[in-house]
Each structure stands twice: as C-alpha cells, then as structure tokens.
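Chemist: Which chain is which? The protein sequence lines are A and B, in order.
So the first sequence is numbered by the working numbering: it starts at 1 and just counts up by one.
So the second sequence is numbered by the working numbering: it starts at 455 and just counts up by one.
Among the hints, erroneous ones may be present.
What the hints assert, rightly or not - Covered stretches of chain B (in silico footprint by chain A; criterion: 3 or more residues with CB under 8 Å from a CB of chain A, positions within the stretch not fixed): (1) 767-776; (2) 796-802; (3) 849-857.
If you're looking for bench data, these hints aren't it; they were derived computationally from the structure.
Even glycine gets a Cβ: it sits at the ideal position worked out from N, Cα and C.
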Amino acid sequence: MNKISSQFIYGEPMKRQILILFLFLISGWMSAQTKKIEFVHYKLDNGLNVILHQDNSTPIVAVTVLYHVGSKNEGPERTGFAHFFEHLMFEGSPNIGRGEYFKIVESAGGQLNANTSFDRTFYYEILPSNQLELGLYLESERMLHLKIDSIGVETQRKVVKEERKQSYENRPYGSLLEKIFSNAYKVHPYRWIPIGSVQYIDQAKLDEFIEFYKTFYVPENATLSIAGDINIEETKKLVEKYFGEIPKGNKPIPRPEVVEPPQKNEIREIVYDNVQLPMVVFAYHIPEQGTPDYYALRLLTTLLSGGESARLQKEIKDKKQMALAVGSIPLSLEDPGLFIVYGLTNVGVKAEDLENAIESEIDKVKKELISEYEFQKVRNQIESDFVNQNSRVAGIAENLADYLVYFGDPNLINTEIERYMKVTREDIKRVANKYFTKENRVVLYYLPKSMEKK
Amino acid sequence: MKKLMMAFVIILTALNLNAQKADRTKPPKLSPPKSLQLPAVQEFTLTNGLKVYLMEKHQVPLIQLNLILKTGSLNDPDGKEGLADIVFDMLDEGADGMNALQIADEIDFLGANLNISSSLFTSNLSLNVPVSKINDALKIFSKILLKPDFPEAELIRLKKERLTNLMQWHDQPNEIARVAFNKLLFGSHPYGRAEIGTEKSIKKITREDIVDYYNRYFLPGNSFIVAVGDIDKSGLEKLLSEYFAGWSKKGKVEYKIEMPENVNSGKIFLIDKPGAAQSVIYLGDIAPSRTTQDYYSINVMNTILGGSFTSRLNNNLREEHGYTYGAGSRFVLRPVAGYFIAYSSVQTDVTDKALQEFFKELNGIRQAISQEEIDRAKNYTALGYPNNFQTVAGIAGEVEELVYYNLSKDYFNQYIDKILSVKDEEVKSAAEKYIKPDKMIVVVVGDKSRIAEGIKKLNLGKVVEMTVENILGKVPEM
C-alpha cells in the first residue's frame with residue numbers, strides 16, 4: 001500500500017537524491033509462499049482494539065498505536081490540524097514532563113516516530129524487548145491524559161512551518177501533491193493534503209486541541225498493535241494494566257460522509273516553478289482500497305512501471321528516451337483515491353510530446369490484452385513483494401492495524417494475496433478502459449519559470 | 455469484509471485478567487535486556503580466491519547476495535571523474551548478448567531485485583531473490599559481472615542522464631550544499647569530487663575507458679561475497695562455484711590515498727539561492743578513519759551532540775527555538791580519514807541566529823557533558839543495535855562492514871558491551887579532539903539578500919560569497 005503522510009522527525013540529508021517526487025511510505029502485505037503471520041486480536045472493555053504478534057527471532061518489540069483520524073477529518077478552515085496534533089502528542093502528560101518522552105525512550109535504547117496520512121495517525125516505539133512495558137506505559141499515558149500547554153503549541157507551530165518548507169517548498173516540484181489533490185477533489189476533504197496550510201494552525205485555539213483530543217484520541221477509535229519478541233499471555237496482562245483504566249470517549253466520532261461527485265470534464269493546470277525540466281502528471285479517479293478494481297489497478301501499475309522492464313520505463317525512458325523518469329502509483333485511500341502517472345522530460349523534450357507518449361502506452365493497455373508472459377511476470381513481482389514485506393516487526397504491527405481498521409480483518413496480512421491473484425488479464429484491460437478516460441482525470445504540467453509568458 | 459478470522463485468531467470481547475493497577479508516576483522498572491544472539495558468519499573461499507561470507511537466516515524464504523568490489527570512484531583517472539559511477543551503471547545495460555531490456559525483463563520475471571551502485575572505496579552488486587529462484591538469478595547475475603558488453607548506445611544515454619542530473623541540481627538546495635561541502639572541505643583531494651563527475655569529465659568518458667577500468671579492477675582477489683538468508687553453506691558453495699569459479703583473472707589492487715586536509719578551515723561560504731524558502735546549513739571538518747581507536751567514544755559523543763532526537767543540536771534548534779524541522783550531526787568514517795558534518799535547514803530570517811546556536815553547541819560539547827546525557831547516549835546507541843539485524847539486507851550490510859574493515863569475528867556480539875563500557879573521560883576527550891568549531895568550514899545555501907548581513911555581523915570568520923555556478927558550473931550544454 002502506498003501512503004502519503006507527514007511525519008514527526010525528518011530523515012538525514014547528504015544522501016544522493018536523484019528525484020524525490022512524493023513523500024510516499026511503502027508498506028505491504030504477505031505472501032502465500034511464506035510463513036503465516038499468526039496473531040491474536042481482541043477488544044478491551046473500553047473499546048480499544050488490541051493485536052499481538054509474537055516473533056522471537058530478534059530481541060526487539062514494536063509498540064504501535066493507530067488512531068483512526070487523519071486530514072480527512074479536518075474542516076476546511078483547519079487543514080493540517082491532525083498532523084499538527086500529532087506533534088503535540090509528544091509534549092507529555094501529568095507524569096511525563098515536556099521533552100521527557102524522547103529522553104525516556106532513548107535511554108531505553110528505543111526509537112520512536114509518528115506520521116499522519118489522509119485517513120489515520122500512527123505512533124510507534126521500537127524497543128529492546130525487555131522494554132515492552134515501557135512502551136505500554138508511554139502510549140497509555142498520552143491516551144489517558146495528554147498535557148497540552150501553550151509553550152508546546154507555540155514551538156510546534158514553528159517546527160511544522162519549517163517541516164512544510166523543507167518537505168514541500170524548498171524542493172523542486174514540491175507542490176505537486178497539493179496541486180494534484182486540490183484539482184481532483186472539489187468537495188471531499190482529500191482536496192487538501194495532511195501538511196495542510198500554515199495559517200490555520202496559527203488560528204487554532206487551545207480548546208480546539210482539547211476538543212479534538214477528546215473526540216478522536218479515545219480507546220474506541222484506537223488500535224494498539226504490538227509485534228516482536230513478546231509472550232502473548234504476559235502481554236495481555238500488561239495491556240490491561242495500562243490501558244484498561246482509560247475511559248471510553250462516548251462521543252460520536254465524526255467521519256466525512258461527503259462523496260466526491262464524478263468528474264465530468266478533464267481538468268488541466270500549468271504550474272510554473274523553479275525547475276529545469278518539464279514534468280507531466282496525470283491523476284485518474286479510482287475506487288477506494290480493498291475493492292476488486294483496486295487490486296486490478298495494482299497489477300496494472302506493476303505492468304506500467306514496476307521495474308526497468310515495465311512498459312513506461314521500456315518504451316518511454318529506454319527506447320524513445322523522452323523521459324528521465326517515469327512512473328505510476330495508485331494511492332490507496334479509505335475513500336476513492338487517485339491513480340497517478342508521471343513523467344519527467346528529458347532535455348529538449350516538450351511536455352506535450354511526453355504527454356502523448358504516455359497516453360499512447362495507456363491506450364495500448366486499453367486496446368490490447370496483455371500477454372500471458374507479461375501477466376505472469378507481474379504476478380511474480382507481486383508475490384515477491386509479499387515475501388519481502390513484513391520483514392520488520394514495526395511493519396507487521398502497522399499492517400495488522402491497517403487491515404483491521406480499513407477492512408475489519410487483520411488476517412488479510414496472510415490472505416490479501418488471494419485477492420491479487422484473482423485478477424485476470426481481462427480485468428486489467430477492463431479497469432484501464434473504465435478509469436483511464438479523459439473526463440476522469442487531472443493533467444498537470446510543471447514548467448520552468450522561464451517559459452512563463454510575461 | 456467483516457468476516458470472522460481463521461481458527462488461530464482468538465477474539466476476546468471481555469477480558470478478565472487479574473490486572474494490577476499501574477503506577478503512573480514514573481516509568482516502569484524493567485529486567486535487563488536480552489543479549490543479541492546471532493548465527494556465526496561462515497567463511498569459505500572459491501577455487502579462484504573469491505572469498506564468501508554467509509550468515510544463515512531461515513525465517514523468510516529469501517536470499518540477499520552482495521558482491522563487493524574493492525574499487526570505486528577513488529580510482530577514477532584525473533579528468534575522467536565519474537568513470538566508476540558509469541562503469542557500474544553500465545553493467546546491466548547489456549551482457550553476453552542480452553540487451554538492457556532483456557536483462558531487466560528476466561530479473562523482474564524472477565521477482566528479484568538487483569541494485570548496482572558504487573561509492574568511493576567500494577562498489578556493490580546486490581541481489582535480493584526468493585530462494586526458489588536463486589539459481590536463475592545467479593545465471594544472470596554472473597553474466598552481468600563477468601560478461602558485460604558495455605553497449606555504446608546505452609553509454610550515450612547514461613552520459614546524457616548524468617548531465618541532466620547535474621542540471622537539475624541547480625534547483626536543489628540540498629544537492630548544492632552537499633556538493634559545495636565536499637568540494638570546499640576537501641579541495642582537490644578525491645573526496646572533494648562529485649561522484650558522478652563534471653560536465654567536462656562526463657563528456658570525455660569513452661567505452662575504452664570503461665573497458666579499461668573493468669579489466670583493471672574487476673578481479674576475484676579484489677572482491678568478496680556476502681550472503682544472508684535461507685540457504686546453508688554447502689548449498690551456497692555449490693551454486694557459487696558453478697557461476698563464479700570460472701572468474702579467473704589474477705591480481706589485486708592496492709589503492710594509495712593521501713590524507714585529506716581541510717583546505718578552507720574557518721571560512722564561511724554563502725551560496726546565493728535567490729528566493730529559497732529556507733537556508734540549508736552544513737558545517738564540518740575532517741574526521742579520523744573508521745579504524746580509529748576512538749570509534750566507540752566518537753559514537754557516544756556524537757549521539758549527545760547531534761545523533762539523536764534529544765541531542766543538543768536538535769533540542770536547541772528545533773525544540774527550544776523552533777528554527778527548524780530538525781538538526782543533527784554525524785561522522786562519516788572511511789578507510790582513510792572521514793568527515794564530521796552538522797546540518798539543518800532553517801527559517802531564512804533566523805539563519806544568523808541558527809548559526810550562532812550551532813556554534814554554541816559545538817563549543818558547548820567541549821566544555822561539559824552531564825552524566826545523564828552520557829548514560830542516555832550509551833543506552834540509545836547500544837541497546838538499539840539489534841534493530842540493524844532485522845532484514846537480510848540489513849544484516850548483509852553489517853557483515854560487509856565487518857569483512858571490509860577486518861573487524862574481529864565477535865564484533866557484533868561485543869558491540870553493545872563496547873559501547874556501554876566507554877568511559878566518561880573518553881566521551882569528553884572525543885569532543886575535545888574531534889569537534890573544533892574554529893577549524894570548521896560553514897556552507898550556507900540560501901537567499902543572500904536576506905541573510906548575508908546578519909551572517910557577517912556574527913564575525914565567525916571570513917565570509918566568502920559564491921553563486922550556484924561557482925559550485926556546480928554552468929548548466930550543462932547538451
């Protein structure tokens with residue numbers, strides 16, 4: 001699954017970056033070929049979902065909490081609120097002072113971070129396995145009684161503004177995601193991205209944060225997922241000890257009910273940016289994750305751009321040499337999402353010509369059934385991804401929680417592969433025809449500022 | 455969708471365990487950590503002298519197989535900078551009569567991943583493959599390594615791709631800062647080069663240069679293999695003998711490299727990027743080699759200075775002042791010397807203040823370090839170590855380091871103890887020895903018109919104003 005999210009701590013610089021287009025976190029699913037991921041799932045009296053997975057191969061444990069709240073739960077006058085709130089969750093509790101949260105985890109040899117997507121907010125600690133109880137203590141403290149004060153709020157306001165500049169504004173094509181989503185959605189809250197707009201965070205008052213906390217950060221809206229070197233029975237006792245006393249929120253949890261009406265006409269925008277090379281981006285509306293068509297689209301994206309032998313790479317990058325980079329990616333979201341196809345032109349290639357070249361590859365999928373050989377290759381790639389995913393305990397914990405929250409079935413971590421394997425060659429052609437239409441898409445051009453007509 | 459789960463899933467709606475009440479006033483007291491128990495690294499040598507190191511890991515049906523060549527961009531001839539980078543990129547562009555697309559197609563069909571990369575001292579062909587496909591994957595892998603065709607047409611494409619990358623860097627403040635930092639710290643020393651070369655050097659590279667480099671440095675005696683995964687020694691030995699024993703070239707390469715010097719010690723370089731949304735700040739100096747006796751104490755000291763979230767740099771610049779999304783520092787240690795770097799991207803208006811805080815912390819770490827900081831840093835570094843051993847690729851990377859630097863066989867098992875037994879005085883002396891703020895160079899990439907005045911007023915040292923072209927050259931002509 002591909003997610004877009006903003007996170008609490010940023011990564012390191014000094015790595016050679018050829019091209020970073022989106023902030024994608026990739027996580028995945030599990031193969032039929034490999035060992036089953038066994039787990040226990042139950043609910044506490046207060047409604048908290050608990051998932052436990054035991055794997056004693058490395059002496060570490062991932063303690064994670066998923067809150068089912070993301071940027072789509074925000075109002076248009078408070079975009080970026082969920083992500084901003086994520087930053088406040090590190091401020092402490094009556095028992096943990098400001099700045100102590102990190103000190104405690106680092107002193108235990110642990111790592112922690114969090115991220116916010118359109119649909120959910122996710123917190124984790126990766127700890128030496130003897131520190132399981134510490135993880136439970138810390139997560140239960142901030143679920144039970146987070147402390148929010150104005151010093152913390154003011155500091156994090158500044159930090160988040162710099163996060164936005166670093167991740168989006170001081171980076172070529174950095175506004176891409178924002179442009180895609182604001183063009184593709186007119187009424188649904190996916191029309192803004194998790195980082196949101198800066199001014200709203202400045203306007204938010206302390207009592208709004210408290211109200212948000214009381215509404216969404218309640219046990220019945222959370223999933224505690226733990227994976228690693230644990231003993232299931234002992235862990236159950238500890239979970240009860242730390243989370244059992246947290247009261248239910250007992251307030252209705254608002255979920256956006258608005259449905260984005262079908263797009264009727266192609267939407268196009270040209271963005272003039274500080275870039276050297278034009279970029280062409282298509283975004284097609286697609287159904288939400290978990291639907292049969294969604295799985296067909298996942299095979300389709302592997303066909304188009306999964307590896308150097310995939311169609312876009314082969315035809316456009318290698319043979320025609322029209323693009324420095326091409327790719328496609330279906331964004332898996334809880335509500336209907338987008339299938340993005342992009343190409344960065346080679347020097348001297350016009351955006352229009354690259355658009356036509358990509359278009360003709362899309363037409364080919366719509367007109368011709370893919371060969372048995374290519375179909376088998378795509379299936380092999382998907383199977384192999386299964387095996388490779390879930391190799392880290394934090395990934396397993398996160399995937400189990402995602403499957404529960406989005407599909408009501410954590411066991412999809414073992415069985416989702418069957419849904420992929422049900423997709424036929426005909427399905428791939430069918431979904432290409434169904435969704436890859438002009439009126440169903442947004443087309444963006446990123447052009448160098450020098451090309452702007454004065 | 456809400457179907458109930460398989461038999462092994464237990465759902466308990468009401469849990470009735472006699473739970474104790476939690477004492478929430480302080481973090482729970484816990485038992486000591488479990489030790490990291492890793493399988494031994496097994497060694498063997500193929501008949502041609504190629505050394506192989508294996509760690510078995512049978513949890514997932516995967517194999518990670520890395521072939522490391524002890525050569526990289528350090529061996530680029532003068533005027534042909536970027537050669538190694540292109541040589542390694544060319545390997546899978548054609549081999550034994552197969553073209554680039556046929557190779558890619560076969561690898562993708564196997565569900566395998568092949569990454570080829572080069573750095574200064576070493577280069578790496580790394581294969582990740584389902585164990586059931588290892589035989590087919592090695593067939594292609596060995597062709598790529600032993601029978602590359604280096605097709606001219608692909609060379610033209612890759613050269614153009616590099617020139618385009620150079621061009622794009624002009625709009626990437628982080629890339630500008632990275633290239634500037636290396637160039638200004640190391641000067642004409644090979645460490646100062648951009649790995650992909652310059653417009654001039656890239657244009658000069660020919661197929662003959664590539665073949666020549668290949669013949670000179672691709673030698674079994676100059677290479678080793680690290681394998682991690684679901685295979686045993688005899689199985690691996692049989693496979694590798696089949697595909698690599700025929701690689702019979704003789705020879706070994708010794709590199710000679712001078713100690714680098716900080717050629718711009720104490721200078722501040724201000725590189726103008728008009729309209730930049732933030733200022734990118736890199737500060738640094740030459741550091742010791744990876745084999746330094748002070749390796750562990752440096753590690754602990756840097757964790758306190760800038761190697762963790764609660765480190766002084768991040769705490770000051772982010773949590774106290776809100777100047778940035780994050781700040782940090784690290785030591786990059788190499789066979790011969792290395793470098794220290796402290797970094798952040800900060801709000802334009804406070805660039806001067808942020809620099810001041812950087813220097814405050816760099817000076818401060820030389821003055822006093824609290825017991826609490828030392829303990830926390832040691833725990834953080836030592837107890838988090840098992841994290842590196844979760845995936846086959848992660849383990850392979852650790853084994854590579856072990857082999858390349860000829861570290862002791864029980865290095866992995868001793869690491870935690872070594873860190874925990876670093877003495878307080880050693881941490882302090884590492885700071886005094888390796889953090890010398892007045893000797894460092896400073897690189898700032900940002901909007902000069904808004905930051906120059908403030909920076910000059912700080913009187914940190916000589917301020918040198920530069921343009922992006924001074925660093926990257928003109929936008930390449932293609």
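Chemist: Output the indices of the hints that this structure fails to meet, ascending.
Modeler: Checked against the structure, the only hint that fails is number 3, while the rest are satisfied.
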